[in-house]
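Asks: In case you want the letters, here they are:
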Amino acid sequence: MIDGPLHGWLLAAAVAGLVWWLHRGHRWRQPAVVAALFLWQRAAEQPGGRGPTRRAAPVWLLRAAVCAALVFALTGLSWRDLSPPPLVIWFDDSPSMLAREQGARRAEQALQRLVEMVGERPAEVRFLGSPDHVRPLRDIARLGPEPWPAQAAAAAPILDVRAGREHWLATDGATPRVRLVSESYPFHRLVQVGAATENVAVVGLVLRRALHDPRILGAVRVANLGRRPATRTVTVTAGSGEILRQRLELAPDAVRTFGFEMPARAAAEAVAARLDHADALPEDDAMSVETRPLTPLALRVGGACPTPLRQALTAHPGLRLAAAGATTDLAVECAAPPAPAGAAPSAGWRPTSELLEWLGPDGATRYFPGPWRAISASPPVPGASVLIRDADGGPPLVLAAPGWIRLLVDLDPARMPPGLDYPDLVSAIVGAARPPALLDPLVSRERPPDASRIAPRALAPRTAAGSAPAVPHSVDLTPVLVALAMALVAADLVFQGARRPHPSGHPRTAAGA
Amino acid sequence: MSARHPLDAVGEDDLRRLARSRTSLLRTAGSRTRAGSARTTRAGANAGWEYREHRPYLPGDDLRRLDWRVSARRSHPYVRTFDEERTSDWVVCLDDSASMSRPDPRRWHLAIQLCLVMAYLLLNGGGQVGLALFGPRPQFWCPPGSGRLQYLRLARRLREIPGPQPVGSAHLGALVRLVPPGRHLVVISDFLAEDAMIGNLTALQRPQRRLQLVQITSPADAAAGASPVLEDAESGRRLAVREGAADTARLALATHHETLSRYCLGAGLSLGRCHSDQPWQNALMGMLGPADD
Chain A
592 MIDGPLHGWL
602 LAAAVAGLVW
612 WLHRGHRWRQ
622 PAVVAALFLW
632 QRAAEQPGGR
642 GPTRRAAPVW
652 LLRAAVCAAL
662 VFALTGLSWR
672 DLSPPPLVIW
682 FDDSPSMLAR
692 EQGARRAEQA
702 LQRLVEMVGE
712 RPAEVRFLGS
722 PDHVRPLRDI
732 ARLGPEPWPA
742 QAAAAAPILD
752 VRAGREHWLA
762 TDGATPRVRL
772 VSESYPFHRL
782 VQVGAATENV
792 AVVGLVLRRA
802 LHDPRILGAV
812 RVANLGRRPA
822 TRTVTVTAGS
832 GEILRQRLEL
842 APDAVRTFGF
852 EMPARAAAEA
862 VAARLDHADA
872 LPEDDAMSVE
882 TRPLTPLALR
892 VGGACPTPLR
902 QALTAHPGLR
912 LAAAGATTDL
922 AVECAAPPAP
932 AGAAPSAGWR
942 PTSELLEWLG
952 PDGATRYFPG
962 PWRAISASPP
972 VPGASVLIRD
982 ADGGPPLVLA
992 APGWIRLLVD
1002 LDPARMPPGL
1012 DYPDLVSAIV
1022 GAARPPALLD
1032 PLVSRERPPD
1042 ASRIAPRALA
1052 PRTAAGSAPA
1062 VPHSVDLTPV
1072 LVALAMALVA
1082 ADLVFQGARR
1092 PHPSGHPRTA
1102 AGA
Chain B
12 MSARHPLDAV
22 GEDDLRRLAR
32 SRTSLLRTAG
42 SRTRAGSART
52 TRAGANAGWE
62 YREHRPYLPG
72 DDLRRLDWRV
82 SARRSHPYVR
92 TFDEERTSDW
102 VVCLDDSASM
112 SRPDPRRWHL
122 AIQLCLVMAY
132 LLLNGGGQVG
142 LALFGPRPQF
152 WCPPGSGRLQ
162 YLRLARRLRE
172 IPGPQPVGSA
182 HLGALVRLVP
192 PGRHLVVISD
202 FLAEDAMIGN
212 LTALQRPQRR
222 LQLVQITSPA
232 DAAAGASPVL
242 EDAESGRRLA
252 VREGAADTAR
262 LALATHHETL
272 SRYCLGAGLS
282 LGRCHSDQPW
292 QNALMGMLGP
302 ADD
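So the sequence lines, in the order shown, correspond to chains A and B. If you count the first sequence from 1, you need to add 591 to reach this note's numbering. If you count the second sequence from 1, you need to add 11 to reach this note's numbering.
Check the hints yourself; a few may be wrong.
[To be verified] Derived coverage of chain B by chain A (criterion: at least 3 residues anywhere in the stretch with Cβ under 8 Å from a Cβ of chain A; other residues may be distant):
| hint | segment |
| --- | --- |
| 1 | 165-175 |
| 2 | 261-275 |
[Stated by the list, open to error] Only some residues are given here: those of chain A computed to face chain B with a beta carbon under 10 Å:
| hint | residue |
| --- | --- |
| 3 | P622 |
| 4 | L628 |
| 5 | F629 |
| 6 | L630 |
| 7 | W631 |
| 8 | R633 |
| 9 | A634 |
| 10 | A635 |
| 11 | Q637 |
| 12 | S879 |
[Claimed, not checked] Derived, one-sided and incomplete: chain B residues facing chain A with beta-carbon distance under 10 Å:
| hint | residue |
| --- | --- |
| 13 | R84 |
| 14 | D115 |
| 15 | A235 |
| 16 | V240 |
| 17 | D243 |
| 18 | A251 |
| 19 | V252 |
Think of the hints as simulated: they come from the structure by calculation, not from any bench. Computed from a prediction, not measured in an experiment: that's the story for all the values here. Glycine is no exception: its CB is placed at the ideal position from the N, C-alpha and C atoms.
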């Protein structure tokens, strides 16, 4: 659709009328001379009819078009595409959108409203937690809100809210993240759902070993994130055994922490805390942690290892000697390393740094600090051997292999006699091979308090909901109009050249008209 | 730098060649007229001439033909007129009304070219040739004469014509009084009058004149461009016409030409028609027909 300011249209109409009027008078002042007027008598205008002064030369249309084109070019005429722009729905995937209200989750309610509002119009859905992934609204509505994980990120994402599209935001406005998003980007429409405000959640669960006896100490943290006082009962279980049951009365925004302990042998695979009297968001009423990191590593020590080293390994609180034939987590072999162990590094090996690093079995980067120099096909990766030599260029010290770390210790008693350094060496080696909490392992899980706030809040978006139309795609027609005007002027010149009086006294046109 | 005069295109060499192939111009012209009309009336008496009547003296008459006794008796100069057995005296009558040059000036150019050429051919045949203009102010522009000297005089006089009169229509009827009886006429005009000048042509024939008509048409006669208002070249009168008026004008022009042709056929007049966009050679050939040789 051609779009332009109203005064441009009015001015163009006025100019066209002026051009017509000028040509009308011009034609009357310049009649055509004929040799014999009586030949034309039968073609005379009827009395009372529209006189010749009411007609203008046809060229007035050409010149009026030139003037109108220039007027439109000056007033900024543009072509606007009225077809609806692509619709992008930014969907809040915060945990609060999983809250159940009136038998349905907020996400389901939002999808239902979106489907009704969008109708047959194509729309794509982008989640705030993964804004680069695009899925059609129809697919999301068909699958329901379950397939996507709730994102509890606190940072506001960077959204590609580009012009030429219509952007909607579907949210409950419960989290600060979405409030920041709504204030940062110009959404054309805001679809807000949710009404429930009350929610009590388990926001933390932590376990650790006792230092001096075989017990496991724990703590559970419960928070009331609603606006009214709440009463709950928290239960901590390990496997099928109940460790703790406590009734709580929580004021709004109150956080309570309860400690508990249990024998190490009572620890199952996981310890769970649960709140009864489930509320709108049952997902945050329970929390569990695995107890496996609390168990000492099963260690096998090679027979060639010196006694001081064996004693140091055995005494390490994070290690336990595995029975013969049992599965081990760590093996220490004291022997000459395989080739090229014991000899100068082969070609291609080079010193890397004082700080040895490699990838552990979980993919995390591990460091081996110490006064040793690593010689490897840098960087060391699982599957490659790492030869560690001391700073003086002595014999190989450790050879690490993929999978669980296999420590091959080649100690030269002459250079490193048994002594108090052994426990430090063992601790350093094992600590580098396993997470640093080996001596005091701690397993914990926490939930950001904001992730459990479900109370909707009115948003103040940059664009008022439902009031801002999408910016249509438009093309500036000024260059086209200027080119058109120039072409019409050229046509007029050619036309006038053809009408220029010829020596014969009549226009050059074949018919003389 | 002066503009080239249309008569510059008429060279004497061309005229000589044309005269050699057109020695029987007068006979050719006469053959197109009514039988017996070749006889002309001339004021004066000479060998081979037969007395016809007395008539009042008119400018251009030979003073030697004055009949003094009759003049004294009637108190007005009278001349004797004779019937001539062969063609001899001609007056080339040129229409110098405004329509001869507006809107198509080529019509005037061709008219004066044909005027000179016709005079040359007639003079070459041994006759006397004069020149008269019958525009808004009819006048005898050049008295009759013969020979090469008369040709040069006619050529000079034709160049002295300033051009067609800006206003006013042709008065062909004035030639009845202006041209002495017995002189044949070559009338060069567009004949664009409502009656195609038929009334005046009839009057001109009465004193047993022979008339040779040359009508010069123009493509502009029925074309007026895109303007809805037309102005008559001669009277200045304006007329508002409707769309498609050119078709009506073309039809009226065809009817006009047909009327003149029918009249000439019935009256035994020779009518040659040429177009203003033709060179004078083509125009003359078209009027005179194929060459003798």
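Asks: Determine for every hint whether it applies to the structure shown.
Replies: Each hint, compared with the structure:
Counting residues of the segment 165-175 of chain B whose C-beta sits closer than 8 Å to any C-beta of chain A gives 0, which falls short of three, so the coverage hint is violated. Check result for the segment 261-275 of chain B against chain A: holds, 3 residues qualifying (beta carbon to beta carbon below 8 Å, three or more required). Checking P622(A) against chain B: minimum C-beta separation of about 4 Å stays under 10 Å; hint holds. Proximity of L628(A) to chain B holds as hinted, the smallest CB-CB distance being about 4 Å (cut-off 10 Å).
Interface restraint check: F629(A) against chain B, minimum CB-CB distance 5 Å, threshold 10 Å, status holds. At about 4 Å, the closest approach between the beta carbon of L630(A) and any beta carbon in chain B falls short of 10 Å, and the interface hint on this residue holds. A least Cβ separation of about 5 Å between W631(A) and chain B falls short of the 10 Å threshold, and the interface hint therefore holds. Checking R633(A) against chain B: minimum C-beta separation of about 5 Å stays under 10 Å; hint holds.
The interface hint given for A634(A) holds, since its Cβ lies 3 Å from the closest Cβ of chain B, which is under the 10 Å cut-off. Taking 10 Å as the C-beta contact cut-off toward chain B, the hint placing A635(A) at the interface holds, the least distance being around 6 Å. With a least beta-carbon distance of about 8 Å to chain B, the hint placing Q637(A) at the interface is held under the 10 Å criterion. Among the interface hints, the one on S879(A) is violated; its C-beta lies about 96 Å from the nearest C-beta in chain B, farther than the 10 Å criterion.
The interface hint given for R84(B) is broken, as the beta carbon of that residue sits about 48 Å from the closest beta carbon of chain A, more than 10 Å. Interface restraint check for D115(B): the shortest CB-CB distance to chain A comes to about 4 Å, inside 10 Å, so the restraint holds. For the restraint placing A235(B) at the interface with chain A, the shortest Cβ-Cβ distance is roughly 4 Å, inside the 10 Å limit, so the hint holds. Residue-level restraint check for V240(B) holds (minimum Cβ-Cβ distance to chain A is 4 Å; threshold 10 Å).
Interface restraint check for D243(B): the shortest CB-CB distance to chain A comes to about 4 Å, inside 10 Å, so the restraint holds. For A251(B), the interface hint holds, the least distance from its beta-carbon to any beta-carbon of chain A being 4 Å, beneath 10 Å. Annotation: V252(B) was flagged as interfacial toward chain A, and the flag holds, the nearest CB pair being 4 Å apart, inside 10 Å.
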